[in-house]
Every structure is written in C-alpha cells, then in structure tokens.
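Everything in the sequence shown is counted per the working numbering, starting at 22 for the first residue and increasing by one.
Keep in mind that the hints are not guaranteed to be accurate.
As the list claims (entries may be wrong) - Straight-line Cα separation of at most 25 Å, SDA-like style, residue types lysine to any residue; simulated pairs:
no., residue 1, residue 2
1, Lys-164, Ile-186
2, Lys-226, Ser-65
3, Lys-226, Ser-141
4, Lys-226, Val-203
5, Lys-226, Asp-100
6, Lys-164, Arg-199
7, Lys-226, Ser-91
8, Lys-164, Ser-65
9, Lys-164, Val-89
10, Lys-164, Ser-152
11, Lys-164, Gly-196
12, Lys-226, Asp-206
13, Lys-164, Glu-151
Calculated directly from the structure, the hints in this document are not laboratory data.
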Amino acid sequence: MRSFQWLSLIESDRAAWFLIFFLFLVGCQLGSERSYSFIETDCSGCLEALPNNGWCDRCDHGLVAGLVVSSRVFHEALDAHGHEVDTETILCNLCRQVAREDQFCPRCRHGFVAGQLYFSELTWALARGESAPSDIDCGGCRKLAGHLGRCEDCAAYWVGTVRFISAQDARRAEGQYRRLQVALDRLPRCSECALTGFFGFSCRKCDTEPIPDPLP
Numbered sequence: 022m023r024s025f026q027w028l029s030l031i032e033s034d035r036a037a038w039f040l041i042f043f044l045f046l047v048g049c050q051l052g053s054e055r056s057y058s059f060i061e062t063d064c065s066g067c068l069e070a071l072p073n074n075g076w077c078d079r080c081d082h083g084l085v086a087g088l089v090v091s092s093r094v095f096h097e098a099l100d101a102h103g104h105e106v107d108t109e110t111i112l113c114n115l116c117r118q119v120a121r122e123d124q125f126c127p128r129c130r131h132g133f134v135a136g137q138l139y140f141s142e143l144t145w146a147l148a149r150g151e152s153a154p155s156d157i158d159c160g161g162c163r164k165l166a167g168h169l170g171r172c173e174d175c176a177a178y179w180v181g182t183v184r185f186i187s188a189q190d191a192r193r194a195e196g197q198y199r200r201l202q203v204a205l206d207r208l209p210r211c212s213e214c215a216l217t218g219f220f221g222f223s224c225r226k227c228d229t230e231p232i233p234d235p236l237p
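Starting from the given sequences, assemble the full structure and let the hints guide the process.
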C-alpha cells in the first residue's frame with residue numbers, strides 16, 4: 022500500500038519514466054561494479070600489484086588478473102604467483118612429467134610454467150599469458166585490457182589484464198577467471214562460500230554448492 026502512495030506523488034508519466042530510467046542506470050552501474058574490473062587506476066600501490074597479482078596496502082585489497090579481491094584471506098589462499106621448486110624432488114610422477122612440458126597435473130591440481138609451481142588451475146592458466154604492460158601499443162588491446170575477448174586488430178586474447186596468443190590457453194584461463202568472478206560475487210555474503218566454493222567444496226556455514234568447474 023505504501024508503494025502505491027509513493028507512486029501517486031509522481032505528477033506525470035514523464036516523471037515516472039525519468040525515475041525508471043534513473044533506476045536502470047543505477048542497476049547498470051552496480052552490475053559493472055560486480056565485474057570487479059580494475060584496470061584504470063592512479064593508485065601507485067595498485068599499479069605495483071597488478072603485474073604480480075599482489076596486494077595493495079593503500080587500498081587494502083588484492084588484485085588477480087585485474088579483479089579486486091577485498092579479502093586478504095581469500096587473496097592469500099589464491100596464491101596467485103609461482104614458486105621455485107626442484108621438480109626432481111616432487112613425489113608425484115605425473116607432476117614431474119608435466120613440469121617438463123609446462124602443463125597441469127589433474128591428479129594433484131598443480132601446474133608448472135618455466136620451472137615454477139602454481140597451486141591452482143587459475144594461477145597456472147594465467148601464468149601462461151603475459152601481464153598487460155603499462156603502455157599498450159595496440160589500440161584494440163587498450164580497449165580490451167581488463168575485460169574478456171579477442172582483439173580485432175592484432176588477434177590477441179585478453180582475460181582480465183592478462184594477454185594470450187594461444188586461443189586454447191585463453192579459453193582455459195577465461196574459464197577459471199569466470200569462476201573467480203562468481204566467488205567474488207559470493208564474498209560479501211559469506212567469505213567461506215567464496216573460498217570453499219572456488220576450490221570445489223560446499224560451504225559448511227550455509228551449505229552452498231561448489232562453483233562448477235567448468236561453468237555451464
């Protein structure tokens with residue numbers, strides 16, 4: 022009843038349409054914020070963190086392929102960088118084999134790039150690309166950086182702030198990137214949902230299902 026009383030205060034159809042249009046714009050803005058794209062920034066801490074998926078102390082958030090991760094616990098769990106490792110000391114025979122080929126071990130869920138170990142398919146897939154430089158020469162790439170897609174000018178692929186030459190590598194990284202976006206959508210409601218769901222487990226607090234891998 023109260024909503025009808027509020028609507029009666031609108032003096033004309035034109036005002037009503039203006040209100041609807043305004044709410045539509047707000048919804049679009051919130052929708053864009055949920056994409057967590059963070060490529061354009063003047064923050065020196067963020068600019069330093071972007072190439073290595075680090076943490077900005079000034080803004081108090083982490084960055085992974087340009088996505089903002091507000092939880093330090095979740096950002097640390099993502100561990101979005103490589104680790105030096107002597108592959109000959111690894112117990113898993115399949116890991117030792119894929120390490121020589123810069124591939125991913127489906128048994129241990131570890132990947133290898135240039136002799137470094139990555140603890141998730143997301144971080145391994147992103148490592149197979151190249152982080153966006155601060156000065157991108159290609160005009161098409163400048164428009165795409167921070168988003169998903171293929172550059173019409175140079176045929177490079179973008180997954181957030183990471184550039185790929187291989188379509189296969191880009192598709193694999195995009196799948197994990199989209200799963201991370203789903204996890205970040207969950208984060209404000211329940212931090213455990215975001216963390217456990219991304220790594221393939223149900224949430225103990227609210228029994229939310231894991232994030233599908235791959236997403237439908």
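Here is how each hint holds up against the structure:
For the hint linking Lys-164 to Ile-186, the alpha-carbon distance of about 17 Å falls within 25 Å, and the restraint holds. Between Lys-226 and Ser-65 the CA atoms are separated by roughly 37 Å; this puts the pair beyond 25 Å, and the hint is violated. For the hint linking Lys-226 to Ser-141, the alpha-carbon distance of about 24 Å falls within 25 Å, and the restraint holds. Distance restraint check for Lys-226 and Val-203: the Cα-Cα separation of roughly 18 Å lies within the 25 Å cut-off, and the hinted pair is therefore satisfied.
Restraint check for Lys-226 and Asp-100: satisfied, since their Cα atoms lie roughly 24 Å apart, inside the 25 Å limit. Straight-line distance between C-alpha atoms of Lys-164 and Arg-199 comes to about 19 Å, which keeps the hinted pair within the 25 Å bound. Between Lys-226 and Ser-91 the alpha-carbon distance is near 20 Å, which keeps this suggested pair within the 25 Å criterion. This hinted pair checks out: Lys-164 and Ser-65 have alpha carbons roughly 21 Å apart, not beyond 25 Å.
Between Lys-164 and Val-89 the CA atoms are separated by roughly 19 Å; this keeps the pair inside 25 Å, and the hint holds. Using a Cα cut-off of 25 Å, the hinted pair Lys-164 and Ser-152 holds, with the two alpha carbons roughly 15 Å apart. Note on Lys-164 and Gly-196: the hinted pairing holds, with a Cα-Cα distance of about 21 Å set against a maximum of 25 Å. At roughly 17 Å between alpha-carbon atoms, Lys-226 and Asp-206 fall within 25 Å of each other, so this suggested pair holds.
A threshold of 25 Å between alpha carbons decides the hint, and for Lys-164 with Glu-151 the separation of about 17 Å falls inside it, so the pair holds.
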